[in-house]
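Protein chains: 2
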Amino acid sequence: MQMPEPDARVLTRKAEIVARLREVLPADAVIDDEAETRAYECDALTAYRCPPLCAVLPATTEEVSAVLTICHEEGVPVVPRGSGTSLAGGALPTADSVILGVARMNEVLETDYDNRFIRVQTGRTNLSVTGAVEEEDFFYAPDPSSQLACAIAGNIAMNSGGAHCLKYGVTTNNLLGVTMVLMDGTVIELGGAHLDPGGLDLLGLVCGSEGQLGVVTEATLRILRKPEGARPVLIAFNSNEVAGECVSDIIKAGVLPVAIEFMDRPCIVACEAFAKAGYPDCEALLIVEVEGSEAEIAEQLGLITQIARRHDPVELREAQDADEAGRIWLGRKSAFGAMGQINDYMCLDGTIPVSALPQVLRRIGELSREVGLEVANVFHAGDGNMHPLILFNANQPGELEKCEALGAEILKLCVEVGGCLTGEHGVGIEKRDLMTVQYAPADLEAQMAVKDVFDPGWLLNPAKVFPLAVSEARRAVAAE
Amino acid sequence: MQMPEPDARVLTRKAEIVARLREVLPADAVIDDEAETRAYECDALTAYRCPPLCAVLPATTEEVSAVLTICHEEGVPVVPRGSGTSLAGGALPTADSVILGVARMNEVLETDYDNRFIRVQTGRTNLSVTGAVEEEDFFYAPDPSSQLACAIAGNIAMNSGGAHCLKYGVTTNNLLGVTMVLMDGTVIELGGAHLDPGGLDLLGLVCGSEGQLGVVTEATLRILRKPEGARPVLIAFNSNEVAGECVSDIIKAGVLPVAIEFMDRPCIVACEAFAKAGYPDCEALLIVEVEGSEAEIAEQLGLITQIARRHDPVELREAQDADEAGRIWLGRKSAFGAMGQINDYMCLDGTIPVSALPQVLRRIGELSREVGLEVANVFHAGDGNMHPLILFNANQPGELEKCEALGAEILKLCVEVGGCLTGEHGVGIEKRDLMTVQYAPADLEAQMAVKDVFDPGWLLNPAKVFPLAVSEARRAVAAE
Numbered sequence: 006m007q008m009p010e011p012d013a014r015v016l017t018r019k020a021e022i023v024a025r026l027r028e029v030l031p032a033d034a035v036i037d038d039e040a041e042t043r044a045y046e047c048d049a050l051t052a053y054r055c056p057p058l059c060a061v062l063p064a065t066t067e068e069v070s071a072v073l074t075i076c077h078e079e080g081v082p083v084v085p086r087g088s089g090t091s092l093a094g095g096a097l098p099t100a101d102s103v104i105l106g107v108a109r110m111n112e113v114l115e116t117d118y119d120n121r122f123i124r125v126q127t128g129r130t131n132l133s134v135t136g137a138v139e140e141e142d143f144f145y146a147p148d149p150s151s152q153l154a155c156a157i158a159g160n161i162a163m164n165s166g167g168a169h170c171l172k173y174g175v176t177t178n179n180l181l182g183v184t185m186v187l188m189d190g191t192v193i194e195l196g197g198a199h200l201d202p203g204g205l206d207l208l209g210l211v212c213g214s215e216g217q218l219g220v221v222t223e224a225t226l227r228i229l230r231k232p233e234g235a236r237p238v239l240i241a242f243n244s245n246e247v248a249g250e251c252v253s254d255i256i257k258a259g260v261l262p263v264a265i266e267f268m269d270r271p272c273i274v275a276c277e278a279f280a281k282a283g284y285p286d287c288e289a290l291l292i293v294e295v296e297g298s299e300a301e302i303a304e305q306l307g308l309i310t311q312i313a314r315r316h317d318p319v320e321l322r323e324a325q326d327a328d329e330a331g332r333i334w335l336g337r338k339s340a341f342g343a344m345g346q347i348n349d350y351m352c353l354d355g356t357i358p359v360s361a362l363p364q365v366l367r368r369i370g371e372l373s374r375e376v377g378l379e380v381a382n383v384f385h386a387g388d389g390n391m392h393p394l395i396l397f398n399a400n401q402p403g404e405l406e407k408c409e410a411l412g413a414e415i416l417k418l419c420v421e422v423g424g425c426l427t428g429e430h431g432v433g434i435e436k437r438d439l440m441t442v443q444y445a446p447a448d449l450e451a452q453m454a455v456k457d458v459f460d461p462g463w464l465l466n467p468a469k470v471f472p473l474a475v476s477e478a479r480r481a482v483a484a485e
Numbered sequence: 006m007q008m009p010e011p012d013a014r015v016l017t018r019k020a021e022i023v024a025r026l027r028e029v030l031p032a033d034a035v036i037d038d039e040a041e042t043r044a045y046e047c048d049a050l051t052a053y054r055c056p057p058l059c060a061v062l063p064a065t066t067e068e069v070s071a072v073l074t075i076c077h078e079e080g081v082p083v084v085p086r087g088s089g090t091s092l093a094g095g096a097l098p099t100a101d102s103v104i105l106g107v108a109r110m111n112e113v114l115e116t117d118y119d120n121r122f123i124r125v126q127t128g129r130t131n132l133s134v135t136g137a138v139e140e141e142d143f144f145y146a147p148d149p150s151s152q153l154a155c156a157i158a159g160n161i162a163m164n165s166g167g168a169h170c171l172k173y174g175v176t177t178n179n180l181l182g183v184t185m186v187l188m189d190g191t192v193i194e195l196g197g198a199h200l201d202p203g204g205l206d207l208l209g210l211v212c213g214s215e216g217q218l219g220v221v222t223e224a225t226l227r228i229l230r231k232p233e234g235a236r237p238v239l240i241a242f243n244s245n246e247v248a249g250e251c252v253s254d255i256i257k258a259g260v261l262p263v264a265i266e267f268m269d270r271p272c273i274v275a276c277e278a279f280a281k282a283g284y285p286d287c288e289a290l291l292i293v294e295v296e297g298s299e300a301e302i303a304e305q306l307g308l309i310t311q312i313a314r315r316h317d318p319v320e321l322r323e324a325q326d327a328d329e330a331g332r333i334w335l336g337r338k339s340a341f342g343a344m345g346q347i348n349d350y351m352c353l354d355g356t357i358p359v360s361a362l363p364q365v366l367r368r369i370g371e372l373s374r375e376v377g378l379e380v381a382n383v384f385h386a387g388d389g390n391m392h393p394l395i396l397f398n399a400n401q402p403g404e405l406e407k408c409e410a411l412g413a414e415i416l417k418l419c420v421e422v423g424g425c426l427t428g429e430h431g432v433g434i435e436k437r438d439l440m441t442v443q444y445a446p447a448d449l450e451a452q453m454a455v456k457d458v459f460d461p462g463w464l465l466n467p468a469k470v471f472p473l474a475v476s477e478a479r480r481a482v483a484a485e
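Going down the list, the protein sequences come from chains A and B. Taking this note's numbering, the leading residue of the first sequence gets 6, the next gets one more, and so forth. Taking this note's numbering, the leading residue of the second sequence gets 6, the next gets one more, and so forth.
Hints are supplied without guarantee of correctness; some may be wrong.
The list cannot tell twin chains apart, which means a pair is met if one copy fits it or any two copies do.
Unchecked claim - With a Cα cut of at most 30 Å, we get these calculated DSSO-like pairs of lysine-lysine: (1) 281 x 338; (2) 281 x 231; (3) 172 x 417; (4) 338 x 417.
Don't read these hints as lab results, they were simulated from the structure. Since the model is a prediction, treat every value here as computed from it, not as a measurement.
So that you can see chain A by itself, here it is in the shape it has in the complex (with noise of 0.2 Å):
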């Protein structure tokens, strides 16, 4: 992957760089240590590697501003963080770029239950922000899989979704409002605790923008009442073409399941070697979750099961306990870790019509055996977010490479069939240079300009979203 040619003159700054940096920050809140800053060198997309000038882990929307400010007048890029669980490499650095990490921003600073929000530092992960309400029987709804550690700023940043986004929609779904650092120290604010307050609809401009715009320290949440319930239902079939078909009927129904999830043969039987979930021998299999009380469960598993039935399933089976609901979830939740034990894997994000699924499958596995590597497939089925799994060895020189190229074809496959090339992981360093695939070039123009509003000097995330060619070329003409 290629990166941008450090800033020589940030480089041979570093030391006056981290000095002042070391004025508005406690000492312990600079890492410019070669060996410390290390830790900071990758985000999950661990392909891409590059350690950065330095790290600084601020604790306040003042000292973000504080950092902003200096790195604005010193003209040093700057990589927003979160917790580094980008699968797109939306965290990766720059040689001459500070790391700005929000890990130590981890407060509730307001629980409403009488409004339903929650007001964050955007450091908190994902799953403690439920954590933080499930007293009172709340959730905060969107659920990516990496909930555990993923940071309430990386969700925004990349809009993220999870499984249940089917229901409850994704970032951008339950975000309310934001606090915003500007990349000259501005604090700004967007949205609030209630509907759109009118103007233009820059907090849905924030959401997702992968840290282009600014710096986004404080996060308004929806909350949510959890539900009474859960139960999924697992169907199996002998097709991926009629387990597809299966799904649209399910969306034409006009059920709405929280989650539809599929997964192909190869992925069933990793995850099953794996979780022991005792997933059936068979080509596909979908995990259907519907939620509310006993009686809203029953209705809505009655219609899928029978519309199931009328596609021939070779198994149809109802969790009959919460133990037996674990376990298949288990199975799907563990698809990833699965995977790793038996392959090096990359693991692709493109999004198609939900009535495209067969077709895709079809074509995803010709792609497949012409360049010879196994594709694995698991996706959020119900809103057509598929994550298509690429194994292959990377001991192997050129497999990554070949691997790079399949992932290529498989997400202008997305585009062709009227999709997109990403549903929830962004597009980071990773499929900057497909954006041409899915924007005519004055789309794309319109979406820098944008960005040239936010951060004339195009100092905030460099490399990331736009082809690396056009963002380069921006940000020298800035520089002059």
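Assemble the complex: chain A is given as a structure, and chain B must be docked to it using the hints.
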């Protein structure tokens, strides 16, 4: 309401501008006759009127692009107009502007039930979107009171909601993609029939931008399966406070009605006189509607009535049949018409935290008595979107000004308690000068900088959204 000085250069070139527009549009699509342009002199905020330079009625995206290219070259302001139902003056012309009406652009371009979307030209009315899919038992969820007349273009401009947005969200939650023409004639595509496609979320930015960024000509909208049934319950209280507490408790309990509507005594009296809905004699009335299968409806209504009974209602009436349900809603839905029969009124639109309802109603009562103008309150209580109606006599000199001043006080109150200036009507000209109450200078500057990008000459929908002094200053700089 102060309006900007018209651009003399534009006024003197009117004949040439009209001639150029006639070159790119059919003869009957350019209206410059003074009597005919009167039809466009105001929208539903009829207190303010100004005939435009001329009006155009393009039929395609290409024609819109041709019109904007000419206006851009000539430096002519453009006011986009849907059906002209804005209650905030969002489509009020200036004397030097071209009204760009999308009324002729009402085609359905694509319907896809498998993937649950419809693509339409944006001049199509809200209700006729549902009309195009209801044979297949689908519907388009956002339902502004004006849905029979209002255009999707206006819904997108104002991010419109409606009584049912408590469950289904507002326009931004149901909008998947748009085709938009920029002021210089460039056509861009934002979003599509898939999840958030990576890069900056310009779709979210455009939704609710009140025609400040471009002209949206086509929209891809989420369609939903119609619920099996719906039933309202009417709950009457002898105190606004207690009704407000009941709303809070319903929300907190985690039931999600499709609508919770609230009317206070002045509104109940007027509606009852008009619609004969059989509303009881009381201080505050809630209409709570739930949807689903018979079992779901029964369960939800059971819970809601149980909560309501704890607050000792004067009356609690479940609709026993479709007729009674219709009558219960007829009263609420004719509230504005009923008010109009007995008084002139100004309809406000603000949002508050649900828990602040009793406090805000009390304070509105005090303000109303101080000023000597009656205020009737009708609102979407579930999500805190208020529509106070200030009653006044337009024929009595000075009353409009008194009414405007009271309206400003009430909206400031909304912001003070943690709410915002608008729920769904937008800012328009009505609330532009109150934007400084909601936003700090840095917040407003961020919005205006984004406007600069899309419309550097500040030609699109002038004198709206931003305080007049600052938008005029911006425009003057751009014109230099």
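Here is how each hint holds up against the structure:
no.: 1; hint: 281 x 338; result: within (12 Å within a copy, 57 Å between copies)
no.: 2; hint: 281 x 231; result: within (29 Å within a copy, 40 Å between copies)
no.: 3; hint: 172 x 417; result: within (27 Å within a copy, 35 Å between copies)
no.: 4; hint: 338 x 417; result: within (27 Å within a copy, 48 Å between copies)
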